[in-house]
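There are 2 protein chains.
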Amino acid sequence: MNIPQTNQKRIVIIGSGFAGLTLAQNLKGSAFQIVLLDRNNYHTFQPLLYQVATSGLEPDSVTYPIRKVFQHQKNFFFRIADVASVDTKRKMVVTDHGELSYDYLVMATGAQTNFFGNKRIEDLSMSMKSIREALDLRSLLLQNFEEALMANTEGKKKELMNVVIVGGGPTGVELAGALAELKSYVLPNDYPDLDISQMKIVLVQGAPRLLPNMSEKASAKALEFLQSMGVVVLLNKVVKDYDDHCIFTNDEQIPARTLIWSAGVMGQPVTGVGEINRGNRVEVDEYFQVRGAEDVFSIGDVASMTSEQLPKGHPMMASVACQQGIFLANNLKRIVKGEELKRYEHIDRGSMATVGKNKAVADLPNFKTQGILAWYLWMFVHLFLLVGFRNRVVALIDWAWGYFTYDTGIRLIIRPFKRKVVEPVGNPDKTESVNV
Amino acid sequence: MNIPQTNQKRIVIIGSGFAGLTLAQNLKGSAFQIVLLDRNNYHTFQPLLYQVATSGLEPDSVTYPIRKVFQHQKNFFFRIADVASVDTKRKMVVTDHGELSYDYLVMATGAQTNFFGNKRIEDLSMSMKSIREALDLRSLLLQNFEEALMANTEGKKKELMNVVIVGGGPTGVELAGALAELKSYVLPNDYPDLDISQMKIVLVQGAPRLLPNMSEKASAKALEFLQSMGVVVLLNKVVKDYDDHCIFTNDEQIPARTLIWSAGVMGQPVTGVGEINRGNRVEVDEYFQVRGAEDVFSIGDVASMTSEQLPKGHPMMASVACQQGIFLANNLKRIVKGEELKRYEHIDRGSMATVGKNKAVADLPNFKTQGILAWYLWMFVHLFLLVGFRNRVVALIDWAWGYFTYDTGIRLIIRPFKRKVVEPVGNPDKTESVNV
Chain E
160 MNIPQTNQKR IVIIGSGFAG LTLAQNLKGS AFQIVLLDRN NYHTFQPLLY QVATSGLEPD
220 SVTYPIRKVF QHQKNFFFRI ADVASVDTKR KMVVTDHGEL SYDYLVMATG AQTNFFGNKR
280 IEDLSMSMKS IREALDLRSL LLQNFEEALM ANTEGKKKEL MNVVIVGGGP TGVELAGALA
340 ELKSYVLPND YPDLDISQMK IVLVQGAPRL LPNMSEKASA KALEFLQSMG VVVLLNKVVK
400 DYDDHCIFTN DEQIPARTLI WSAGVMGQPV TGVGEINRGN RVEVDEYFQV RGAEDVFSIG
460 DVASMTSEQL PKGHPMMASV ACQQGIFLAN NLKRIVKGEE LKRYEHIDRG SMATVGKNKA
520 VADLPNFKTQ GILAWYLWMF VHLFLLVGFR NRVVALIDWA WGYFTYDTGI RLIIRPFKRK
580 VVEPVGNPDK TESVNV
Chain U
160 MNIPQTNQKR IVIIGSGFAG LTLAQNLKGS AFQIVLLDRN NYHTFQPLLY QVATSGLEPD
220 SVTYPIRKVF QHQKNFFFRI ADVASVDTKR KMVVTDHGEL SYDYLVMATG AQTNFFGNKR
280 IEDLSMSMKS IREALDLRSL LLQNFEEALM ANTEGKKKEL MNVVIVGGGP TGVELAGALA
340 ELKSYVLPND YPDLDISQMK IVLVQGAPRL LPNMSEKASA KALEFLQSMG VVVLLNKVVK
400 DYDDHCIFTN DEQIPARTLI WSAGVMGQPV TGVGEINRGN RVEVDEYFQV RGAEDVFSIG
460 DVASMTSEQL PKGHPMMASV ACQQGIFLAN NLKRIVKGEE LKRYEHIDRG SMATVGKNKA
520 VADLPNFKTQ GILAWYLWMF VHLFLLVGFR NRVVALIDWA WGYFTYDTGI RLIIRPFKRK
580 VVEPVGNPDK TESVNV
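From first to last, the protein sequence lines stand for chains E and U. Take any residue in the first sequence, note its place counting from 1, add 159, and you have its number in the numbering used here. Take any residue in the second sequence, note its place counting from 1, add 159, and you have its number in the numbering used here.
Treat the hints with caution; some may be incorrect.
Each pair may be met inside one copy or between any two copies, as identical chains are not told apart.
[As the list claims (entries may be wrong)] Capping the alpha-carbon separation at 20 Å, the derived lysine to any residue pairs in SDA-like fashion look like this:
| no. | residue 1 | residue 2 |
| --- | --- | --- |
| 1 | K527 | D354 |
| 2 | K471 | E313 |
| 3 | K501 | N161 |
| 4 | K233 | G328 |
| 5 | K187 | D352 |
| 6 | K342 | V228 |
| 7 | K233 | E504 |
| 8 | K187 | N348 |
| 9 | K233 | D410 |
| 10 | K501 | F407 |
| 11 | K288 | D246 |
Derived from the structure by calculation, the hints contain no laboratory data.
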């Protein structure tokens, strides 16, 4: 990979999620050469993907072009690349665009959906870890309603309208809530010739309560909110199989053409780096150094810093990833200065989930709240994190009124275009000598 | 197709472009049952697709969900359907979702790209008649720049950065202008390690002047604007072939990995309707009745009302299509009232094209102008037409500040999702009897 070799130490960061992006941003002005690698040319604001899937937001509101983030940043290089493996002995990253040497490597490759080995569910269910998956889900939901208009039996209509969500974590809860609001406020107007009241939104949770990582109070309130919005919540139920028409739990069948899988995530580490634990995450020490790999660090969802208090490592959350990115940036700067590295001390900033308008739950370090106050908190936090996107929304308005802001933000390769291959005519090598 | 049979006369409209959509909107409150058919669930604002392709606008700014337009409209039915043919004797429309009878049929199926039989150019070039094509082009342009970073020869870099546009009509001119502004204001910031000055934007026009359907003055000014923005404009040149690396005109070769074809359009009539002329458009009389097909009308780009003054029919433009939609709606209402049909008298509202900020050309019935005034006119006209979209942009802001407007506008099937087919388990027919 042709990145200029300078006398600066090179840090290669794999992944531009919350962890990798925050790290790169906080290394601005440092003595390092920074190379950021990602499969896409944009950062995805994963916590809001469920809104794209439910037609609430356009892709450009939850994605952000990486190059725009780092405009005018010196000694910074971004490349779209797929990392195949890492050779820690030779200190080389192996990508689909050749090899790249590193002085320090940071693996921030995040998480992927865990189907627990059920291949059929993996093939037939929808998940929501990427903007493409969220758009696929948006399309499928709408296509099913269009198809329902053409269906000639009530059974087929129900099957097409029903949506089953597996997994009672934040994603499942927020998605169920958004779908319930679609059902109440949008679909009846869009489909007057369908009996939307027949549509069932079912949330299946294996555990005895929703939002298991939050307080009992939050779980109870989230359940209450969802039920008040007409969502059927099934607790202590496990989805065993799906045949594209019917979901099979341990003891019942639910007809639905849409199965959304948000029941599990696992790390997606790069081959050849460190020790991988049960959650498919890589073990790191309290400096985020990968055990057994020199000068290799890992942060975010893919990293697991276990301790007696945290046998499973830190929660896989955006806020945690950002906190770790900032911390590691400072430690890396200490390396240059020859200072001693600091131990990571995690600050629990709490967690929240929103179910619908004025309906959210928040567990904060100092207090817990549910309902409208929690919803405003959720709003505030997300607006804060979304500042980059808000700028772009404003730019969009600027456009509507003033036509053209020169730096438009939507430079995203959301659906890579595949060109066909044909027999060449003429002589492509000659193209140098053309006078245009 | 299961549309309820009532005692109302049924008008089937094929196509929800400017012509079909305007017609359906203006038939609101009439004594007809209206059935609108389209391949997509949204209307596309085609004149602004070039802005999607150049990362200026998100898809939701130039598309609009059809169901949202017709919410609460009585006796109106929309269906996503692909019309295979029309049996004018049996008065039946044959679709991929079965047959549909009509009392009156309106074909408003619009235009398609005309490659004049050059299959290789059709396979390898990009065109911009749909939102999908515009998004493909956006992706390709960005992918090429990412690839250029990896290229190891100057020739390959140039090939990847260069863009050749064929066709000097409004689309070609506006696209060339937008690309020139990208090159000047966006790409150098996004790709500091590429020499963007090496990028060539070439506009190839077969005729002796740009915008042949506009005044000499407009053509001259458009050429001046584009050249001042660094676009290479080749007049009297015809593109003969393309091998995916090099464009071959009658007398030169231009290296480029992106060839955009906006050199021709032709109608896309439905099989079995009327007489098709050279432009692949269907012949209509001055009532928009299709010659030789009873109770069948056609408006918009696909319809051709020829006369001595207009041997080629009316120009294929959005404003013309809207004018015809309104006119036909009124004539159809006259049929119910038993009144005599009116002859269509076309009002030339003029035409305009924008090249860049403060750079546009406008030929209006009463006066012609170029530059900043024309640009403000263009702005005004498009803002006027865009009112539906502006509402949605405002809704997006509402979201950013207030989180959730209940009626979100982005209900678009932009990329239909294809589900995999697998062997079923259990018994799908049983799904009726499920207790959820």
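Against the structure, the hints:
For the homomeric pair K527 and D354, neither the shortest alpha-carbon distance inside one copy (39 Å) nor that between copies (54 Å) is at most 20 Å. For the homomeric pair K471 and E313, neither the shortest alpha-carbon distance inside one copy (46 Å) nor that between copies (51 Å) is at most 20 Å. Taking CA atoms no more than 20 Å apart as the test, K501 paired with N161 passes in neither setting, with 34 Å inside one copy and 69 Å between copies. Within a single copy, K233 and G328 get their C-alpha atoms no closer than 40 Å, and across copies no closer than 42 Å, so neither meets the 20 Å cut-off.
In this homomeric assembly, K187 and D352 come within 20 Å of each other (Cα to Cα) only across copies, at 18 Å, whereas the closest approach inside a single copy is 57 Å. Taking the shortest Cα distances, K342 and V228 sit within 20 Å of each other only across copies (18 Å), while inside one copy they are farther apart (37 Å). Proximity of K233 and E504 under a CA criterion of 20 Å is satisfied in neither setting, with 30 Å inside one chain copy and 63 Å between copies. Taking identical chains as interchangeable, the C-alpha atoms of K187 and N348 lie at most 20 Å apart only when they sit on different chains, with a minimum of 17 Å there against 50 Å within one chain.
For the homomeric pair K233 and D410, neither the shortest alpha-carbon distance inside one copy (60 Å) nor that between copies (44 Å) is at most 20 Å. In this assembly of identical chains, the alpha carbons of K501 and F407 never lie at most 20 Å apart, being 50 Å within a copy and 62 Å across copies at closest. Taking CA atoms no more than 20 Å apart as the test, K288 paired with D246 passes in neither setting, with 28 Å inside one copy and 47 Å between copies.
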